[in-house]
Amino acid sequence: MKKIWKKVLCGVLSLSVFTAGGLEVTALAGEQEEITLHLFHQKQEAQEAFAQIIDRFHAEYPHIIVEQEIVTNDPAAILKARLATGEIPDIFQGSTDTMDIAQGGYMMDLAGEDFLDHITDEARLDSSFTDDEGHTWAMPVDGSCEGIFYNKDIFARYGLSVPGTLSEMKQIIETLEAEGVTPFAMGFKDAWTIKPVSLVAAASAVYGRDADWDSGKDGGETSFAQTEGWSTVFELMKMVYEHGNTKTAFDTDYNGACAMLANGEAAMMINGLWALEPVKEINPDVNLGMMAMPVSEDEKDTKLFQFPDFGLSISASTEHPKEGKLFLEFLTRPEIAELWCSTSKLFSAVKGVSVDFDPMADDVNTYIESGMVCTQVDRGWPTAFGAEYESALSNYLLDLDSLENIMNTLDLAWETARAASQY
Amino acid sequence: MQKWRRKQNAVYLAFIIPALLFFCTFFLYPFIKSLWLSLTDAYGYNPRQHFIGLKNYAEVLKNPGFLNSLKVTLLYTAFVTVVANLIALGLSFLLDGNVRFKKIFRAVFFLPNLMSLIIVSFIWVFLYGSVYRSFVDWLRIPEDFWISWLGNRKMALISMGITAVWQCAGYYMLIYIAGLQNIGRELVEAAQMDGAGTWAVIRYIKFPGLIPVIGMNSVLLITAGFKTFDIPMAMTSGGPAGATTTIALQIYNTGFRSNRTGYATAQAVILFLMISCLTGLLYRFQGRGEEKG
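Taken in order, these protein sequences are the chains called A and B. Its first residue numbered 16, the first sequence is counted upward by one per residue in the numbering used here. Its first residue numbered 8, the second sequence is counted upward by one per residue in the numbering used here.
It cannot be assumed that every hint is accurate.
[What the hints assert, rightly or not] With a straight-line Cα cutoff of 35 angstroms, these simulated DSBU-like cross-link-like pairs (lysine-lysine) come out:
(1) K78/B <-> K253/A
(2) K360/A <-> K167/A
(3) K69/B <-> K262/A
(4) K262/A <-> K109/B
Hint data in this document are derived by calculation from the structure and do not stem from the laboratory.
Can you make the complete structure from the sequences, with help from the hints?
Next up, the structure:
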């Protein structure tokens with residue numbers, strides 16, 4: 016008897032589970048099912064902008080909730096672990112690993128989506144977003160640049176103007192040193208800050224002359240050793256190193272260099288647009304400009320390294336591809352793009368959107384409008400080459416190897432890195 | 008009888024199983040998988056990998072970056088092992104006798120060991136940087152004579168070594184003190200009755216008695232030295248120009264910055280082999296020393 020009761024009870028209980036499920040389904044049938052998109056990125060400074068954008072997106076699509084997760088500490092390693100364990104965010108920032116992640120098959124190809132038409136062609140076709148076969152693995156949202164920050168007040172005090180040629184640049188350095196002003200602020204204790212110095216020169220000396228240098232290198236038609244521009248890059252980097260806080264360059268960190276520029280202890284600093292924030296935080300009144308690095312006696316060679324920066328991808332295995340695309344589409348609307356750029360102080364990748372986030376933006380816009388920009392440089396480099404390149408830079412600065420050897424090392428490192436990333 | 012024994016064995020096995028499972032999942036499996044990965048072209052985000060034989064190992068042994076990190080690690084380990092041992096020994100002799108406030112001193116010297124290496128590293132970056140600069144500035148020493156603690160290739164490794172010694176010497180001091188307390192009081196007293204001074208007691212009784220402990224501390228210091236990662240990561244990121252890139256940091260950079268998982272694993276396997284050979288050798292020497300003693 017007891018057993019029968021048990022069976023009946025079990026039956027009733029399990030039935031109730033079914034009915035409850037059924038009720039839920041019927042309740043939702045009237046409206047759209049609520050879904051949650053998981054957004055993973057590493058832009059700490061964009062937290063507030065994203066929160067606002069997400070609210071506005073939710074107001075338009077009440078059934079979609081976007082949850083943002085910001086990882087700033089070693090985001091690449093964390094993303095790697097997520098992908099390996101199958102916990103893939105619906106929308107994520109692949110950053111410099113975008114192409115590697117795409118090759119692993121984790122990203123949805125966005126090529127042909129209507130919302131990409133709102134993005135400028137240069138940004139969309141950049142080799143860190145769209146590959147040679149025309150697959151677009153990430154949607155660029157904004158653009159940044161790397162160049163020479165200069166203190167306009169110091170330049171004005173000594174009657175200096177933006178140099179167009181290398182000899183004008185050398186003249187400026189000479190004048191500043193004669194007046195007892197340190198020309199360049201360097202924070203090489205943070206090794207990553209050396210790279211921009213070389214990239215800013217490479218924009219003019221290598222990629223400004225041959226935008227397809229990477230393909231030439233891959234095809235064996237050119238090499239570091241054969242390209243004169245690369246030797247120029249290394250020599251100019253050394254010129255910068257020798258005319259600044261040379262003795263303390265490797266003792267000073269990034270923040271220290273920013274402070275030197277902010278407090279007028281140095282007239283120039285080479286880095287990316289992201290350095291604007293920390294510099295202005297130290298001294299909000301500093302009057303800064305941005306210029307490109309001259310590499311020859313021809314003004315037409317002087318190009319600014321300007322490139323698309325932040326991009327978002329959709330997971331290939333997301334359960335909500337339609338909603339993910341809706342969110343990306345939302346980011347390309349002009350009013351949203353403006354909100355994004357004014358808060359994150361960057362240039363928009365969306366057509367027709369230009370935001371004067373800082374007086375300095377004018378300088379960069381002048382380069383963009385006159386077409387004196389170079390968008391390539393390190394954008395298409397094989398991932399594993401980056402570390403080798405950085406060590407070559409400091410080896411050269413500290414006279415540990417000859418230029419000839421370094422160029423050969425770089426050639427070999429490029430080939431090894433390229434081979435490693437192709438499977 | 009046999010049935011009982013089998014049952015007994017089954018019970019023992021049941022007790023071992025949880026630990027065995029734990030060991031297999033978190034040690035044996037990853038270890039075997041690492042060995043396999045080191046023979047493949049495994050790359051970052053790519054879920055597939057192909058067997059490529061010993062190619063990674065051949066590349067590691069030819070790579071100047073790896074050979075440089077090997078040199079850096081050997082120099083660093085030698086410096087830390089010798090200096091930390093000497094300081095720890097000295098402190099233990101000082102604080103073993105009848106010194107006033109010896110317990111407080113012991114605690115003070117041991118304190119840095121309770122801090123995380125990352126925090127210790129940041130403290131020393133601060134000391135070598137702004138604290139040092141304000142100090143020499145206050146002394147009015149001309150800038151040309153300032154020492155670049157972390158910015159100079161020759162100094163950076165020593166600066167890192169000083170940090171490591173500061174952090175760990177107290178710990179090894181405690182082990183030495185424990186070793187000293189194991190040496191029979193009567194031996195020391197007998198020697199003193201025979202007219203041995205402090206130095207003679209240390210030279211002929213305490214020091215020989217401590218030899219096994221020195222061996223053990225050296226093994227601990229050497230293995231820790233070979234695995235050093237936190238200090239260069241936090242203090243110098245391996246710079247300037249690779250002067251402080253230890254093997255562990257090199258492995259991390261190859262695996263997580265360059266995405267070359269298979270290649271990085273081959274480096275890790277080589278590091279593992281080196282550490283196990285070295286400790287094996289040291290234990291053998293030590294074993295012989297003890298037998299003789």
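How the hints compare with the structure:
{"no.": "1", "hint": "K78/B <-> K253/A", "result": "27 angstroms, holds"}
{"no.": "2", "hint": "K360/A <-> K167/A", "result": "20 angstroms, holds"}
{"no.": "3", "hint": "K69/B <-> K262/A", "result": "33 angstroms, holds"}
{"no.": "4", "hint": "K262/A <-> K109/B", "result": "44 angstroms, violated"}
The earlier numbered hint that this structure contradicts is number 4, and it is the only one.
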